[in-house]
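Protein chains: 2
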Amino acid sequence: MKVAIIGVGLIGGSFAKDVKRIYPAAELYGFDANEAHLKKALDLGLIDKKTNYDGLAIMDMVLLAIPVDVLVKELPKILDAAGEDTVVFDAGSTKTLICKVVENHSKRRNFLACHPIAGTEFSGPEAAIENLYDGKTNIICEVEKTAFKLQEKALQLFQAMGMRIRYMNAEAHDKHIAYVSHLSHISSFMLGKTVIEKEKNERDIFDMAGSGFESTVRLAKSSPAMWTPIFEQNKDNVIETLAEYIQNLEHFKKMIEKNDFEGVYSEMNNTNKIKQILNGIPLTK
Amino acid sequence: MKVAIIGVGLIGGSFAKDVKRIYPAAELYGFDANEAHLKKALDLGLIDKKTNYDGLAIMDMVLLAIPVDVLVKELPKILDAAGEDTVVFDAGSTKTLICKVVENHSKRRNFLACHPIAGTEFSGPEAAIENLYDGKTNIICEVEKTAFKLQEKALQLFQAMGMRIRYMNAEAHDKHIAYVSHLSHISSFMLGKTVIEKEKNERDIFDMAGSGFESTVRLAKSSPAMWTPIFEQNKDNVIETLAEYIQNLEHFKKMIEKNDFEGVYSEMNNTNKIKQILNGIPLTK
Numbered sequence: 001m002k003v004a005i006i007g008v009g010l011i012g013g014s015f016a017k018d019v020k021r022i023y024p025a026a027e028l029y030g031f032d033a034n035e036a037h038l039k040k041a042l043d044l045g046l047i048d049k050k051t052n053y054d055g056l057a058i059m060d061m062v063l064l065a066i067p068v069d070v071l072v073k074e075l076p077k078i079l080d081a082a083g084e085d086t087v088v089f090d091a092g093s094t095k096t097l098i099c100k101v102v103e104n105h106s107k108r109r110n111f112l113a114c115h116p117i118a119g120t121e122f123s124g125p126e127a128a129i130e131n132l133y134d135g136k137t138n139i140i141c142e143v144e145k146t147a148f149k150l151q152e153k154a155l156q157l158f159q160a161m162g163m164r165i166r167y168m169n170a171e172a173h174d175k176h177i178a179y180v181s182h183l184s185h186i187s188s189f190m191l192g193k194t195v196i197e198k199e200k201n202e203r204d205i206f207d208m209a210g211s212g213f214e215s216t217v218r219l220a221k222s223s224p225a226m227w228t229p230i231f232e233q234n235k236d237n238v239i240e241t242l243a244e245y246i247q248n249l250e251h252f253k254k255m256i257e258k259n260d261f262e263g264v265y266s267e268m269n270n271t272n273k274i275k276q277i278l279n280g281i282p283l284t285k
Numbered sequence: 001m002k003v004a005i006i007g008v009g010l011i012g013g014s015f016a017k018d019v020k021r022i023y024p025a026a027e028l029y030g031f032d033a034n035e036a037h038l039k040k041a042l043d044l045g046l047i048d049k050k051t052n053y054d055g056l057a058i059m060d061m062v063l064l065a066i067p068v069d070v071l072v073k074e075l076p077k078i079l080d081a082a083g084e085d086t087v088v089f090d091a092g093s094t095k096t097l098i099c100k101v102v103e104n105h106s107k108r109r110n111f112l113a114c115h116p117i118a119g120t121e122f123s124g125p126e127a128a129i130e131n132l133y134d135g136k137t138n139i140i141c142e143v144e145k146t147a148f149k150l151q152e153k154a155l156q157l158f159q160a161m162g163m164r165i166r167y168m169n170a171e172a173h174d175k176h177i178a179y180v181s182h183l184s185h186i187s188s189f190m191l192g193k194t195v196i197e198k199e200k201n202e203r204d205i206f207d208m209a210g211s212g213f214e215s216t217v218r219l220a221k222s223s224p225a226m227w228t229p230i231f232e233q234n235k236d237n238v239i240e241t242l243a244e245y246i247q248n249l250e251h252f253k254k255m256i257e258k259n260d261f262e263g264v265y266s267e268m269n270n271t272n273k274i275k276q277i278l279n280g281i282p283l284t285k
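Listed in order, the protein sequences are those of chains A and B. Just so we're aligned, residue 1 is where the first sequence starts under UniProt numbering, counting upward by one. Just so we're aligned, residue 1 is where the second sequence starts under UniProt numbering, counting upward by one.
In short, the hints are calculated from the structure, not lab data. Predicted model only: the values in this text are computed from it and were never measured. Don't take every hint at face value.
When chains are identical, the list treats them as one kind, so a pair holds in a single copy or across two.
Here are the simulated lysine-lysine pairs, DSS-like style, with alpha carbons at most 30 Å apart [said to hold, decoys possible]:
| no. | residue 1 | residue 2 |
| --- | --- | --- |
| 1 | 100 | 40 |
| 2 | 258 | 221 |
| 3 | 198 | 100 |
| 4 | 136 | 175 |
| 5 | 149 | 40 |
| 6 | 200 | 136 |
| 7 | 198 | 175 |
| 8 | 275 | 49 |
| 9 | 17 | 235 |
| 10 | 145 | 253 |
| 11 | 198 | 107 |
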């Protein structure tokens with residue numbers, strides 16, 4: 001089996017590690033605009049060889065794990081270069097625009113639109129870890145547009161990697177992911193910004209930071225190059241979720257201002273049910 | 001050595017575990033308005049015996065680990081009951097009002113105002129863990145108002161528990177902690193609320209939640225009974241930090257609306273320095 005990884009960072013590199021474990025005989029090819037990353041990926045043994053557009057026709061699978069702005073430009077070219085039996089799938093955090101740019105492509109049937117909900121706040125080939133995808137959800141969009149045999153080939157690997165598969169249309173994906181992923185990143189970045197701004201005048205403030213602060217600002221370590229195009233492509237949904245979040249914060253602030261601490265208690269108490277939700281217990285509506 | 005723990009929950013119970021390890025001969029007494037918690041703490045071996053106000057005069061140390069609204073009511077009574085050589089210290093997340101309620105108390109010299117920056121999102125005696133305080137910061141306020149010998153007794157224990165000591169005035173404590181702790185809790189609670197509200201209409205949204213979401217909403221599992229009085233006592237600082245946070249979010253939203261994605265990138269890039277900050281590397285100003 002020949003697998004090409006386009007973008008040998010955290011996502012691509014971790015994927016490569018799993019492929020090697022599941023198919024020890026697999027040949028792994030890397031393709032990356034960043035020569036230093038490519039060299040590092042070779043050194044770390046994430047990939048066996050370099051490749052380029054001309055090398056893609058012989059691949060069984062091609063994973064695109066690159067920022068979504070580059071993805072929408074590269075995907076049509078990658079499909080052009082793919083072989084008849086190559087399945088090309090992506091790992092982009094947005095889905096609508098990605099599906100749109102190839103809707104009329106002659107090799108649309110070779111493409112499977114994927115979003116594995118996995119990652120860490122780190123990036124680059126050194127950040128790649130084994131079993132990153134184990135137990136994680138992989139959202140697949142417009143599955144009916146992919147050739148059945150090619151779907152099967154990809155799904156077999158995803159299942160062997162331990163992923164749970166969920167099917168969804170691209171618009172629903174982008175709307176929902178804005179709440180459970182994109183908003184978390186913005187809330188975290190702005191929390192970091194607020195505290196850093198304060199620290200300019202009040203030194204030693206971070207000496208007081210505990211594990212709670214660390215947990216809520218963890219995502220503020222994420223890569224701006226990856227996240228800026230995500231917010232751009234999912235602009236309308238991100239604005240909507242941000243507006244709701246700001247409204248909830250304003251309401252909480254007003255309750256404190258008006259000394260409505262029964263209201264403050266009740267808001268927090270209602271939100272405590274996030275415990276059960278995160279444990280996967282269905283909510284009583 | 002005789003030590004009384006008033007409030008045998010996560011904070012008091014974890015403290016008790018460390019005292020037992022450091023001073024195996026210590027006798028640990030518990031005092032709690034919640035009889036079930038007290039029984040549980042006895043069953044778990046966190047404390048050896050129950051006690052009450054009348055029992056406090058013989059104690060070497062008394063820790064108050066109760067919600068800050070109860071703390072301001074109990075602290076004067078506890079000091080009344082304390083012996084000449086008893087050092088009474090607290091673990092409250094606010095410091096100004098707590099110091100104020102005892103400023104003219106005849107036994108003010110027996111009190112050491114403390115805030116160990118440690119905890120988890122869980123509560124109750126079952127949540128108590130060993131070494132919770134190891135490597136954590138303990139902020140001590142108005143240290144000059146405590147009898148030197150009693151300071152020494154408490155500090156010896158704190159150091160044996162592995163805590164880093166920082167001295168601060170109560171107003172500075174309350175101002176800074178609003179940024180690095182109170183704001184994190186509100187941002188997390190409101191993030192949880194925003195997503196739960198959406199989920200009412202859009203089922204299965206949590207199926208898409210990854211570890212990033214889990215990390216940013218972790219604090220939304222915290223106890224409302226503990227946090228409501230903290231926000232009440234630190235009302236002015238909390239309102240100020242919340243206003244700055246909301247303003248930063250509004251600004252970020254406006255940049256997205258105006259398609260200023262260079263600005264979006266630059267905001268995130270500047271905030272990335274939180275990596276070094278969290279690693280304890282001093283910022284270049």
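Hints violated by the structure (numbers, ascending): Violated hints: 1, 5, 8, 9, 10, 11; rest satisfied.
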